[in-house]
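Chains as they are written, first to last, in our numbering: chain A, 3 to 447; chain B, 79 to 273.
Don't take every hint at face value.
[Said to hold, decoys possible] A short list of chain B residues far from chain A (calculated; beta carbon distances all over 10 Å):
| hint | residue |
| --- | --- |
| 1 | GLY117 |
| 2 | GLY149 |
| 3 | ARG202 |
| 4 | PRO204 |
| 5 | ALA261 |
| 6 | PRO263 |
[To be verified] Below 25 Å or equal to it, Euclidean Cα-Cα: the simulated PhoX-like pairs (lysine-lysine) are:
| hint | chain 1 | residue 1 | chain 2 | residue 2 |
| --- | --- | --- | --- | --- |
| 7 | B | LYS172 | A | LYS99 |
| 8 | B | LYS172 | A | LYS102 |
| 9 | A | LYS434 | A | LYS135 |
[To be verified] Chain B stretches covered by chain A per the calculated footprint, using a threshold of three residues with CB under 8 Å from any CB of chain A:
| hint | stretch |
| --- | --- |
| 10 | 134 to 147 |
| 11 | 159 to 169 |
Simulated from the structure, these hints should not be mistaken for laboratory data.
Idealized CB from N, CA, C, for every residue including glycine.
Single-letter residue listing:
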Amino acid sequence: MRQFAFFILLLAVAVPRGWSQDDDSSTPDAEAPGTNINERYAVAAVELEGVSRSLISDVLYDEMQKMVGQRLDHRQAEMLRQRIESELGSRYTVVRKVRKSTTPRQLQIIYEVSKNPLLPFRNPRSFASYHSKEGFSFAFDVAPHLDHQRTQKLFVGAANDGDSLIERFAGFRIGYENVKLATDRLGLRFDYATYHTQWNVHTFNAAQESASGPGLYRRRRSLEASLAFAIDAYFYITSGVSANELEMQSPTVHFEPVRAAKASLRYRRVFGNGDDKQGLAGGYEVRTGTRALDSNFVYTRHSWDAEYMFRHEKHVIATTFVAGKITGNAPLFERFSLGDVEALRGWNKYEIAPLGGSREAYGSLEYHFDHLLAFYDVGSIWDPGASVKIKPSIGLGVGSTVKGTWDTGKEQSPFTLGDFSLILAVPFAEGKLQPTVMVMARFHM
Amino acid sequence: MRIRRLPQLLVLLVLGFRTHQLTAQSLNVRLEGDQLKIGAPQLRLLTGDALQRLRDGASVTYVFETVITSGRNGDRLAQATSRFVFSYDLWEEKYAVTRVGSPPRSVSHLSASGAEAWCLDLIRVPVAGISAQTPFWVSLEYRTEEPQRPPDNGDNSGFTLGGLIDIFSRRTLKQESRGSREAGPFRLVDLRRGH
Numbered sequence: 003m004r005q006f007a008f009f010i011l012l013l014a015v016a017v018p019r020g021w022s023q024d025d026d027s028s029t030p031d032a033e034a035p036g037t038n039i040n041e042r043y044a045v046a047a048v049e050l051e052g053v054s055r056s057l058i059s060d061v062l063y064d065e066m067q068k069m070v071g072q073r074l075d076h077r078q079a080e081m082l083r084q085r086i087e088s089e090l091g092s093r094y095t096v097v098r099k100v101r102k103s104t105t106p107r108q109l110q111i112i113y114e115v116s117k118n119p120l121l122p123f124r125n126p127r128s129f130a131s132y133h134s135k136e137g138f139s140f141a142f143d144v145a146p147h148l149d150h151q152r153t154q155k156l157f158v159g160a161a162n163d164g165d166s167l168i169e170r171f172a173g174f175r176i177g178y179e180n181v182k183l184a185t186d187r188l189g190l191r192f193d194y195a196t197y198h199t200q201w202n203v204h205t206f207n208a209a210q211e212s213a214s215g216p217g218l219y220r221r222r223r224s225l226e227a228s229l230a231f232a233i234d235a236y237f238y239i240t241s242g243v244s245a246n247e248l249e250m251q252s253p254t255v256h257f258e259p260v261r262a263a264k265a266s267l268r269y270r271r272v273f274g275n276g277d278d279k280q281g282l283a284g285g286y287e288v289r290t291g292t293r294a295l296d297s298n299f300v301y302t303r304h305s306w307d308a309e310y311m312f313r314h315e316k317h318v319i320a321t322t323f324v325a326g327k328i329t330g331n332a333p334l335f336e337r338f339s340l341g342d343v344e345a346l347r348g349w350n351k352y353e354i355a356p357l358g359g360s361r362e363a364y365g366s367l368e369y370h371f372d373h374l375l376a377f378y379d380v381g382s383i384w385d386p387g388a389s390v391k392i393k394p395s396i397g398l399g400v401g402s403t404v405k406g407t408w409d410t411g412k413e414q415s416p417f418t419l420g421d422f423s424l425i426l427a428v429p430f431a432e433g434k435l436q437p438t439v440m441v442m443a444r445f446h447m
Numbered sequence: 079m080r081i082r083r084l085p086q087l088l089v090l091l092v093l094g095f096r097t098h099q100l101t102a103q104s105l106n107v108r109l110e111g112d113q114l115k116i117g118a119p120q121l122r123l124l125t126g127d128a129l130q131r132l133r134d135g136a137s138v139t140y141v142f143e144t145v146i147t148s149g150r151n152g153d154r155l156a157q158a159t160s161r162f163v164f165s166y167d168l169w170e171e172k173y174a175v176t177r178v179g180s181p182p183r184s185v186s187h188l189s190a191s192g193a194e195a196w197c198l199d200l201i202r203v204p205v206a207g208i209s210a211q212t213p214f215w216v217s218l219e220y221r222t223e224e225p226q227r228p229p230d231n232g233d234n235s236g237f238t239l240g241g242l243i244d245i246f247s248r249r250t251l252k253q254e255s256r257g258s259r260e261a262g263p264f265r266l267v268d269l270r271r272g273h
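Generate coordinates for the entire structure from the input sequences, incorporating the hints supplied.
Dropping the structure here:
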């Protein structure tokens with residue numbers, strides 16, 4: 003069993019290199035001649051909006067103008083849209099629109115160009131989950147855009163989350179993010195959160211028995227600020243500081259600061275279109291608590307993650323690899339945990355490592371067919387000097403994207419509520435069979 | 079006690095959405111010779127993103143797949159696939175529809191509901207191979223065929239691991255219009271009597 007587990011871990015790392023390649027899907031023929039009623043009208047004007055005309059070649063611009071006076075030819079107009087996009091590069095998206103001209107029974111072709119943002123918004127998605135051994139969790143955020151260019155967001159949210167960390171934290175958070183700070187390449191983010199923490203009985207008992215382990219706290223407040231810099235459309239780096247204040251429970255109630263510098267590198271790319279897609283994402287993050295920032299906890303936390311996904315029509319194969327290492331004395335919220343609704347599914351994280359661990363390794367292989375899901379997870383959490391126990395699990399699930407329609411009486415507007423899944427996972431524990439039921443909802447908000 | 083029931087409620091909620099999609103929608107069927115004709119009076123195709131693309135002068139192709147099965151999720155007894163290209167006349171402010179296939183047919187100057195009804199009226203499934211006494215179910219699935227989109231370079235959600243799943247769960251950058259209707263059981267002998 004252990005050899006099989008290591009094989010899956012190896013596969014999780016090796017597969018992305020072998021499968022990563024560009025892929026184009028076929029284009030449905032919606033613009034065949036004679037199928038669009040507007041082709042009977044002549045074109046009065048062709049315009050480029052959103053960027054300076056000088057950004058495209060004279061040859062291409064002349065080609066566009068050749069459509070003036072001719073009957074609308076959607077294929078030709080679409081071919082020119084693709085050429086505009088090709089000349090402008092991957093930073094831009096071009097949308098073709100046809101409007102009535104001011105000249106009766108003639109049309110105007112407009113190529114609307116918009117610049118793709120380089121930096122992502124980094125606020126996490128709202129979710130609600132249930133784990134039959136660990137209970138309910140949720141985090142809901144409202145994150146409206148503050149400007150027309152959609153480069154700034156204010157987010158306000160509440161959470162009662164026993165899934166993400168070894169602690170259960172409940173409270174609210176508020177933040178601001180700008181992904182275009184004077185230039186497309188620079189972003190800024192502020193977060194403030196205040197949480198009341200609760201501890202599982204396993205964690206509480208383990209903390210009592212551990213004289214040198216990290217202490218429990220009843221409240222955690224954090225303020226974080228970070229800058230992001232985009233190297234290109236696929237790769238960006240971040241750097242920032244976080245200031246946390248822990249209200250410790252023992253030996254008497256007191257406050258301890260956790261101040262850390264942090265940095266990360268992230269890469270993500272999706273290849274292909276339509277029903278054939280491949281995606282690759284990965285990153286590295288380091289956080290270090292230091293006396294230079296007046297922190298009572300001095301530690302360094304490294305984490306690596308990588309995910310590769312391949313989809314062909316209704317088939318999806320996904321593989322994930324996560325690893326982490328902590329040196330020094332990290333607070334409990336920084337320690338690694340496995341055994342929740344997303345990682346090492348089926349296991350109970352409080353039974354594996356009630357105080358979390360300073361080392362982690364985790365791999366997952368997942369197959370989706372339409373609404374069905376099957377997976378194999380394997381991983382381990384440990385501390386230096388302790389033996390590494392490999393924990394595998396398997397599971398099955400069903401999932402669906404829930405969509406609805408707002409009916410205003412005059413018009414129906416479709417919307418996507420979110421992705422819901424129901425999973426039954428079985429950990430390969432010695433001498434017992436204890437399946438775990440999990441429900442996960444990720445909201446599109 | 080309340081806590082123990084919550085997981086069951088969540089499961090019911092998840093499954094309930096799926097069930098709702100299947101049962102709350104219905105089809106009318108009638109027999110014309112050896113072919114089954116489909117009616118879906120409450121079906122509204124031209125909404126949301128598809129409607130916006132039509133108003134921008136583009137064509138939108140709808141693919142209808144009609145399947146007759148021996149029961150819900152049963153064996154396939156017959157099926158037919160039909161493709162229709164919709165466009166919106168920007169000057170007349172009326173819809174035009176072309177059936178792709180043999181023989182091609184076109185119609186113009188229709189309202190939205192008229193265009194929807196016209197293409198549904200052309201959908202037929204041959205039922206010559208089905209016994210008159212055999213009960214069967216009819217399902218109609220429809221979806222738009224999306225024009226080619228640029229790669230998802232500008233889609234930010236995929237920078238996280240969970241975000242990739244989001245991208246993969248979306249077929250295109252724009253919302254694809256799709257849906258289904260299902261009804262049954264029917265028997266040809268009953269449909270003939272009704273006819």
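To test your reading of the hints: which numbers does this structure violate? none
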